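Please put together the full structure from these sequences, using the hints given.
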Amino acid sequence: MPDSIESSASQGGTVYTETVIFSPPEQYAADAPYQIAIIDIEGGGRHTVRVLGKQESDRARIGDRVTFVEERDGVRYYRKAAT
Amino acid sequence: MRSVAVVGIGKTAFGAFPDRDLRSLAVEAVTHAVEDANVPTERVEAFYLGNFAGPSFVGQNHLAPYVGTAAGFNSIPCTRIEDACASSGSAFFHAWQSVAAGVYDVVVAAGVEKMTSQTTPRVTEILAGAGDMAGEGRAGATFPALFAMIARRHMHQYGTTREQMAAVAVKNHANGAKNPQAHMRKVITIEQALAGKPISEPLTVYDCSLISDGAAAVVLVPLEMAARFNSRFARVLAVAQTSDYVALDQKDDITVFPSVKSAGEKAYKMAGLGPRDVEVAELHDCFTIAEIVASEDLGFVEKGKGGPFAAEACSAITGPLPINTSGGLKSKGHPVGATGVGQICDITMQLRGDAGERQVRRHRIGLAQNLGGSGATCVVSILGAA
Numbered sequence: 001m002p003d004s005i006e007s008s009a010s011q012g013g014t015v016y017t018e019t020v021i022f023s024p025p026e027q028y029a030a031d032a033p034y035q036i037a038i039i040d041i042e043g044g045g046r047h048t049v050r051v052l053g054k055q056e057s058d059r060a061r062i063g064d065r066v067t068f069v070e071e072r073d074g075v076r077y078y079r080k081a082a083t
Numbered sequence: 084m085r086s087v088a089v090v091g092i093g094k095t096a097f098g099a100f101p102d103r104d105l106r107s108l109a110v111e112a113v114t115h116a117v118e119d120a121n122v123p124t125e126r127v128e129a130f131y132l133g134n135f136a137g138p139s140f141v142g143q144n145h146l147a148p149y150v151g152t153a154a155g156f157n158s159i160p161c162t163r164i165e166d167a168c169a170s171s172g173s174a175f176f177h178a179w180q181s182v183a184a185g186v187y188d189v190v191v192a193a194g195v196e197k198m199t200s201q202t203t204p205r206v207t208e209i210l211a212g213a214g215d216m217a218g219e220g221r222a223g224a225t226f227p228a229l230f231a232m233i234a235r236r237h238m239h240q241y242g243t244t245r246e247q248m249a250a251v252a253v254k255n256h257a258n259g260a261k262n263p264q265a266h267m268r269k270v271i272t273i274e275q276a277l278a279g280k281p282i283s284e285p286l287t288v289y290d291c292s293l294i295s296d297g298a299a300a301v302v303l304v305p306l307e308m309a310a311r312f313n314s315r316f317a318r319v320l321a322v323a324q325t326s327d328y329v330a331l332d333q334k335d336d337i338t339v340f341p342s343v344k345s346a347g348e349k350a351y352k353m354a355g356l357g358p359r360d361v362e363v364a365e366l367h368d369c370f371t372i373a374e375i376v377a378s379e380d381l382g383f384v385e386k387g388k389g390g391p392f393a394a395e396a397c398s399a400i401t402g403p404l405p406i407n408t409s410g411g412l413k414s415k416g417h418p419v420g421a422t423g424v425g426q427i428c429d430i431t432m433q434l435r436g437d438a439g440e441r442q443v444r445r446h447r448i449g450l451a452q453n454l455g456g457s458g459a460t461c462v463v464s465i466l467g468a469a
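In the order they appear, the protein sequences are chains Y and H. When the letters of the first sequence are read in order and numbered with this note's numbering, they come out as residues 1 to 83. When the letters of the second sequence are read in order and numbered with this note's numbering, they come out as residues 84 to 469.
Do not take every clue at face value.
[To be verified] Facing chain H, a subset of chain Y residues (Cβ under 8 Å, in silico):
| id | residue |
| --- | --- |
| 1 | THR17 |
| 2 | ILE21 |
| 3 | PRO24 |
| 4 | ILE38 |
Because the hints were derived from the structure by calculation, they are not lab data. Remember, predicted model here, so these are calculated numbers, not experimental data. The beta-carbon is built from N, C-alpha and C at its ideal position, and this holds for glycine as well.
Written out as structure tokens, the structure reads:
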């Protein structure tokens with residue numbers, strides 16, 4: 001993966017849209033319910049990511065800022081930024 | 084290019100049929116279609132079969148000759164077409180092309196899916212394969228999730244409400260309850276739809292189409308030959324297929340399906356018609372929001388007004404533009420690979436005046452819109468009464 005993409009992935013972003021999934025595919029059954037979002041990455045690009053947290057206060061909504069937590073098995077995990 | 088007609092239609096009921104296999108469903112639909120067309124099976128020159136995921140759902144590949152030989156076709160080209168939920172819309176497009184181009188005179192387009200032998204989590208996983216598995220799929224996006232994210236954005240940009248989406252479900256269930264071939268013949272209320280089990284917020288189970296088994300088939304011939312087979316033919320005024328990104332996150336504005344807009348525009352141009360000329364439509368309501376977005380992108384209503392359009396009963400059977408009089412994917416069922424050709428059967432029934440208590444008053448021009456994935460494929464067909 002080129003450095004530029006690697007570095008943009010670890011930057012924060014803004015939620016473009018999101019959903020909480022209650023009916024997961026077999027592969028992610030243990031994670032449900034879980035939130036995914038399409039985020040606009042600072043510095044450009046749009047990605048589908050996981051948003052961590054199970055509490056209502058962890059829930060990221062359209063326009064909320066999210067910060068990068070980690071990339072694991074090709075999935076980028078973000079968390080709602082503290083306001 | 085030759086004008087083309089649909090001279091025969093055949094459908095199985097859509098539903099959960101534990102005792103039926105994929106092949107027997109497809110053969111039943113094809114047999115009904117060739118009988119309706121008064122075409123002996125030996126006259127059929129090519130067979131296009133739409134199927135999304137037979138190999139995953141039932142472990143069978145090489146489906147077109149597998150079905151074709153059982154239906155009585157011998158030594159003709161039998162081809163399976165896969166374009167996700169638009170698989171049989173695409174089969175119809177390719178069958179139409181081959182007749183219009185003068186390659187063949189008698190062609191069968193069909194679609195089939197056998198989904199209910201798998202668990203819902205497994206079906207969810209197989210359906211996710213119609214998206215971008217390296218990106219959104221790996222992040223855990225299901226198909227309901229992709230359309231939930233479209234819904235969220237549509238609500239954000241245009242003020243669309245959950246009640247308006249529920250109105251689509253209520254209408255389609257009311258229609259499907261009157262369709263003897265529908266999967267879920269149950270009238271529901273707005274309150275029930277809103278209180279449904281959450282699948283992917285803001286979508287409840289009542290915003291989602293059904294997991295179904297079923298098959299559909301049509302027979303296509305040149306228009307000039309149509310009356311020789313069946314005086315109750317339907318004219319194919321246009322068929323257009325277009326494409327777009329598979330991954331939702333590659334699109335600039337997910338509240339628009341560019342493939343629906345472009346397929347619609349091409350089809351209107353080919354038919355010499357506009358959205359105001361359409362008298363009855365079958366739209367791809369895999370989720371309630373999808374019918375709302377399609378009604379906008381096909382020009383039936385201004386962008387962002389699809390929600391109020393549904394909520395004000397404009398698309399009810401008695402409304403100015405009846406949509407999904409069959410019950411749609413929501414109530415009639417959504418055996419993925421069968422849906423596109425199933426819509427052609429439903430529109431042809433309306434054009435013939437055969438829709439019984441679901442019959443619309445004006446039925447000279449009908450439109451069918453079949454969507455693949457979250458909009459990567461769209462097929463729009465416009466049919467006219469004989």
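To see whether the hints hold, each was checked on the structure:
no.	hint	in the structure
1	THR17	4 Å, holds
2	ILE21	5 Å, holds
3	PRO24	7 Å, holds
4	ILE38	5 Å, holds
Of the numbered hints stated above, none is contradicted by the structure.
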